[in-house]
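Protein chains in written order, with full-length UniProt numbering: chain A, 1 to 207; chain B, 1 to 64.
Misleading hints may appear alongside valid ones.
What follows is a list of derived Cβ distance ranges for each label pair [as the list claims (entries may be wrong)]:
1. A/G51 <-> B/D27: 19 to 29 Å
2. A/N91 <-> B/T36: 40 to 50 Å
3. A/G72 <-> B/E29: 13 to 23 Å
4. A/R42 <-> B/G28: 40 to 50 Å
5. A/D128 <-> B/E29: 17 to 27 Å
6. B/P45 <-> A/T151: 33 to 43 Å
7. B/E42 <-> A/E150: 31 to 41 Å
8. B/E7 <-> A/T151: 44 to 54 Å
9. B/E29 <-> A/T151: 34 to 44 Å
List of simulated lysine to aspartate or glutamate pairs, EDC-like, C-alpha gap at most 20 Å [to be verified]:
10. B/K2 <-> B/D17
11. B/K2 <-> A/E150
12. B/K15 <-> A/D70
13. B/K15 <-> A/E150
These are computed hints drawn from the structure, not numbers from a lab. Glycine included, each C-beta is placed from N, C-alpha and C at the ideal position.
Here are the chains, one letter per residue:
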Amino acid sequence: MSEETRDRGDGDGGSGDRPSLADQRGVESVYQPAEDSDLLARTARERVEAGDTVLDVGTGSGYVAATLADAGAQAVGVDVSPLACRETADNGIPVVRGDLVESFRADAFDLVAFNPPYLPTPPEQEWDDWMEHALSGGDDGRRLVDPFLETVERVLAPSGEVLMLVSSLTDPDAVRAFASEHGLASEQLASEKHPYEALVVLRFYRD
Amino acid sequence: MKEDLMEIICCPLDKHDLDLEVTERDDGEILSGQLTCTECSETFPIEDGIPNLLPPDMRDEAPA
C-alpha cells in the first residue's frame with residue numbers, strides 16, 4: 001500500500017481522542033523495535049540460558065530473537081508478513097513464514113516470546129496493510145493473543161515458558177483469565193508506564 | 001534457511017514431519033526448494049532462503 005493511501009486512511013480515522021496507530025508507532029511496513037520490544041527482549045534475556053531453543057512469534061524485524069541469540073540461545077523467528085521475514089533473515093536470524101506456532105514441532109522450545117499486535121482497534125480504523133496487521137489487535141486487542149494462548153502449549157518443552165508483552169489497553173487480567181482456561185498459569189514479570197498505556201510482560205507456564 | 005531448522009519445523013496442518021528437497025544451495029544456506037509433508041503430501045516452498053509454512057489458504061491472503 002502506498003504512503004498516499006495510508007495518509008488518507010489516517011485522516012479518515014482521525015476523529016478519535018487517541019492518536020492514530022500511525023502516529024503512535026510510525027508508518028514503516030515492518031514494525032521496528034520500540035519500547036515494547038525492548039522491554040520484552042530485556043525480560044526474556046534474563047531468563048534464557050546458553051543453548052536454549054527459543055521462538056520469537058511475530059518477530060517483525062527480528063529484534064527480540066537477535067537479543068536472545070546474543071545471549072547464546074538458538075533463536076528462531078516466525079512472522080506472517082513476508083516483509084518481516086525478509087528483514088529478519090537479512091539480520092541473520094533464522095526465520096519461518098508461518099501462522100503463530102502452527103509450523104513448529106511439539107515440545108520444541110524452552111521459551112516462546114510474543115509481542116503481539118495488542119492495540120484495540122475499531123474496524124473503521126484498520127487499513128489492511130502489513131503495518132496495520134502488526135499493530136491492530138482488533139476490537140478488544142486480543143485478535144491474535146487468544147489464538148496464540150490456545151495453541152502455544154503444544155510447542156513448549158516440558159519446563160518451557162511463554163513471555164508475552166501486553167498493554168494495559170489489552171486488559172492483562174482478561175488475558176490471564178483466558179490463559180488459565182487453557183491450562184496456563186501466569187505471573188507478571190515486568191511493567192513499565194508509558195504515555196497512553198502501561199506495558200506488561202506476562203509469563204505463562206503449564207499449570 | 002539452514003538445514004538444522006528441519007529439527008523444529010513440521011507441517012502446519014497435521015504436525016507431521018516434512019521432507020526437504022533442495023533446489024539451490026549456497027554454502028550452508030538453502031536458498032530454494034520445497035518441503036513436503038510425509039503424511040498429507042501438502043507442499044511448502046522455500047524461496048529466497050525463507051520457508052513458507054503458512055497453510056495454503058493463508059498464503060495469498062491479504063494482510064489483516
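Checked hints:
With their beta carbons about 24 Å apart, A/G51 and B/D27 fall inside the hinted range of 19 to 29 Å. Taking 40 to 50 Å as the suggested C-beta distance range, the pair A/N91 and B/T36 does not conform, at roughly 29 Å. Checking the proposed 13 to 23 Å range against A/G72 and B/E29 shows it holds: the Cβ atoms sit about 22 Å from each other. Checked against the hint of 40 to 50 Å, the C-beta distance between A/R42 and B/G28 comes to roughly 31 Å, which is inconsistent with it.
Hint check: A/D128 to B/E29, Cβ distance near 33 Å, so the stated range 17 to 27 Å is violated. Here the CB-CB span from B/P45 to A/T151 is close to 23 Å, at odds with the stated 33 to 43 Å. The given range of 31 to 41 Å is broken by B/E42 and A/E150, whose C-beta atoms sit roughly 22 Å from each other. Separation of B/E7 from A/T151 is about 20 Å and departs from the stated range, judged on CB atoms against 44 to 54 Å.
At about 29 Å, the beta-carbon gap between B/E29 and A/T151 misses the expected band of 34 to 44 Å. About 17 Å separates the Cα atoms of B/K2 and B/D17, which keeps this hinted pair within 20 Å; it holds. At most 20 Å may separate the alpha-carbon atoms for a hinted pair to count; B/K2 and A/E150 exceed this at roughly 29 Å. At roughly 30 Å between alpha-carbon atoms, B/K15 and A/D70 are farther apart than 20 Å, so this suggested pair is violated.
Between B/K15 and A/E150 the CA atoms are separated by roughly 16 Å; this keeps the pair inside 20 Å, and the hint holds.
The structure shown violates the earlier hints numbered 2, 4, 5, 6, 7, 8, 9, 11, 12.
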